[in-house]
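> Which chain is which? The protein sequence lines are A and B, in order. Numbering-wise, this note's numbering comes out as the position in the first sequence, counting from 1, plus 576. Numbering-wise, this note's numbering comes out as the position in the second sequence, counting from 1, plus 2.
Simulated from the structure, these hints should not be mistaken for lab results. Even for Gly, the Cβ is constructed at its ideal location relative to N, Cα and C. One should not assume that every hint holds.
What the hints assert, rightly or not - Here are the simulated lysine-lysine pairs, PhoX-like style, with alpha carbons at most 25 Å apart:
| no. | chain 1 | residue 1 | chain 2 | residue 2 |
| --- | --- | --- | --- | --- |
| 1 | B | K84 | A | K962 |
| 2 | A | K653 | B | K84 |
| 3 | A | K615 | A | K640 |
| 4 | B | K42 | A | K962 |
As the list claims (entries may be wrong) - Okay, the calculated bits of chain B under chain A, using three or more residues with CB under 8 Å as the criterion:
| no. | segment |
| --- | --- |
| 5 | 19 to 27 |
| 6 | 51 to 63 |
Stated by the list, open to error - Per label pair, the in silico range of CB-to-CB distance:
| no. | chain 1 | residue 1 | chain 2 | residue 2 | range |
| --- | --- | --- | --- | --- | --- |
| 7 | B | N75 | A | S776 | 22 to 30 Å |
| 8 | B | S31 | A | Y942 | 15 to 23 Å |
| 9 | A | Q681 | B | Q45 | 34 to 42 Å |
| 10 | B | K66 | A | Q850 | 53 to 61 Å |
| 11 | A | S909 | B | E23 | 17 to 25 Å |
| 12 | A | P635 | B | K66 | 24 to 32 Å |
| 13 | A | P635 | B | A4 | 54 to 62 Å |
| 14 | B | K15 | A | Y671 | 29 to 37 Å |
| 15 | A | S887 | B | S49 | 23 to 31 Å |
| 16 | A | D839 | B | D24 | 51 to 59 Å |
| 17 | A | G637 | B | K7 | 38 to 46 Å |
| 18 | B | S31 | A | T633 | 48 to 56 Å |
| 19 | A | S866 | B | D24 | 28 to 36 Å |
| 20 | A | Q850 | B | D47 | 35 to 43 Å |
One-letter residues, chain by chain:
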Amino acid sequence: MDIVNKTAIELLELLEKGEITSWEIASAYLKRIESSDAKINAFVHLDPEQVLKKIKTLPEGKLKGLPIAIKDNLCVKNQLTTCASKILNGFRPPYDATVIEKLEQAGALVLGKVNMDEFAFGSSCETSCYGPTHNPWNTECAPGGSSGGSAASVAAQFTPWALGSDTGGSIRQPASLCGVVGLKPTYGRVSRYGLIAFASSLDQIGPLTHDVRDAALLLNIIAGYDKKDSTSVNIETPDYLANLNENIKGLKIGLPKEYFDVDSNPEVKQSIQQVIEILKSLGAQFKEISLPHTEYAVATYYIIAPSEASSNLARFDGVQYGLRTDNKLDKESPLIDMYLKTRGEGFGPEAKRRVILGTYALSSGYYDAYYLKALKVRTKISQDFKDAFKNVDCIITPTSPTGAFKLGERINDPLAMYLSDIFTISANLAGIPALSIPCGLTAEKLPIGLQVLGKSFDEQTLFNVAYAYQQNTDWHKKKAEI
Amino acid sequence: MALDKIQVKYVAKLSRIELAEDNLDNFTSQLDKILNYMEKLNQLDTSEASASIHVLELKNVFRKDENKTSLPNEEALQNAPKKETGQFEVPKII
């Protein structure tokens, strides 16, 4: 039986029928990781022996011991959790993130921790202290980022599904570049407790899967209010999987002209045009809309996110966890010098840039000009979406202006890297849910992604549109050959 | 130019990050380029806009002040690079 080729729900059905055991499933993925991850570098912390031992201790639950890969910024009790940063070298959290607790209660098996840009700072997975992850579709290309390890591990069939986190596109962009499904839920839908914070007002945890049904099931499990995260919202979680409905007749879909004016790859534009034709044939109605402040989103985001990051990363000071410098300290002020040296040695270049940028934007004399200004523009960007959703049920755009780019191509030009997030950033600023699904391949056989944006707490409409599309196409079934 | 080397050095120090001297030129030009791009926001009139610190309407969350089990000392210290008699050890301050 070809285990690794199946979706999570297909595997659960086989487990249900008793045709396979969770041990066989975990063993099949571990074997594939062992034989092929040297080419991909998706896993950064993996202990196959412990994983297999753990199966016996899992509670009975609807996930029946099904494995899952976890981004390295989610705390798993007593397992290495390092945000792919040298400064968290050796860190083993004394507690589980709420999403991990929920998964384990449902009987999921944590397979291991997967690679990411350091502290989720990046769009290519190249800023990791463990070296880049390679795109399974073409190993010379980046998998996208920051959840590059999560997306690549699903695309390479090392795991049926994975969790990632999305602050400005970090689930959707790698999902797009690796040809898998990725959802950033509405801000507040999923508890962030135990997610090592990058930008607290933007971060959300979400699923990366082979298809929409798996994404709906995984969101069912991780969503919900948590008193340990005061920004999680206390409203009912619908059963997204049971409510999946492929009937999209009469659904009003917006096409934001500002997104289509961007100089995207023609193959990307063509793919989206084909999606529109298919959805039209299924009865959806299209309408051109305007999100007039789109061109300010990247500048707004790259002030707010680094500002919040500079504050969140203050905790990495060589005292409570992780790295502390071995270098000789200045006799006059040894404590300050310990901070300076520990952080100088422990943070990589992009983490340094962002902390410095954020500190600058928040510093006296520049606060109003940068940070406060960005918060005001953020209000305008949110308002654009509120206005648009008065007339449409959801919005579609490309997820990324291009397919996967070559490793090394953008890493020395931070601004060019930031601009690759142009289509994904606004959803985080506005807090709305956004889904990326595969919708084509370029001539070079690199995946193209479609983004569906929805109203706050209306993930169901996104799933339904994507489900209708996947019932009538097979892009989500195309697999990378590794 | 929005930013020069002296400012970058100063802000790095505020950020408690030691920057290698040979990185400074590269960092300064990258940060300067990024900040110049941010100038774009000044094209926009925001005099009427409120500032969104957050997308949700956040309220203070209160709870009763009750004793609960907290992390045992040993576990709280399990990741400390240096510890001494049940406490985090830091370089001499005074």
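> State for each hint whether it applies.
Evaluation of the provided hints:
| no. | hint | result |
| --- | --- | --- |
| 1 | B:K84 with A:K962 | violated, 51 Å |
| 2 | A:K653 with B:K84 | holds, 21 Å |
| 3 | A:K615 with A:K640 | violated, 30 Å |
| 4 | B:K42 with A:K962 | holds, 23 Å |
| 5 | 19 to 27 | holds (count 5) |
| 6 | 51 to 63 | holds (count 10) |
| 7 | B:N75 with A:S776: 22 to 30 Å | holds, 28 Å |
| 8 | B:S31 with A:Y942: 15 to 23 Å | holds, 19 Å |
| 9 | A:Q681 with B:Q45: 34 to 42 Å | violated, 50 Å |
| 10 | B:K66 with A:Q850: 53 to 61 Å | holds, 57 Å |
| 11 | A:S909 with B:E23: 17 to 25 Å | holds, 20 Å |
| 12 | A:P635 with B:K66: 24 to 32 Å | holds, 30 Å |
| 13 | A:P635 with B:A4: 54 to 62 Å | holds, 55 Å |
| 14 | B:K15 with A:Y671: 29 to 37 Å | holds, 34 Å |
| 15 | A:S887 with B:S49: 23 to 31 Å | holds, 27 Å |
| 16 | A:D839 with B:D24: 51 to 59 Å | violated, 36 Å |
| 17 | A:G637 with B:K7: 38 to 46 Å | violated, 57 Å |
| 18 | B:S31 with A:T633: 48 to 56 Å | holds, 54 Å |
| 19 | A:S866 with B:D24: 28 to 36 Å | violated, 47 Å |
| 20 | A:Q850 with B:D47: 35 to 43 Å | holds, 40 Å |
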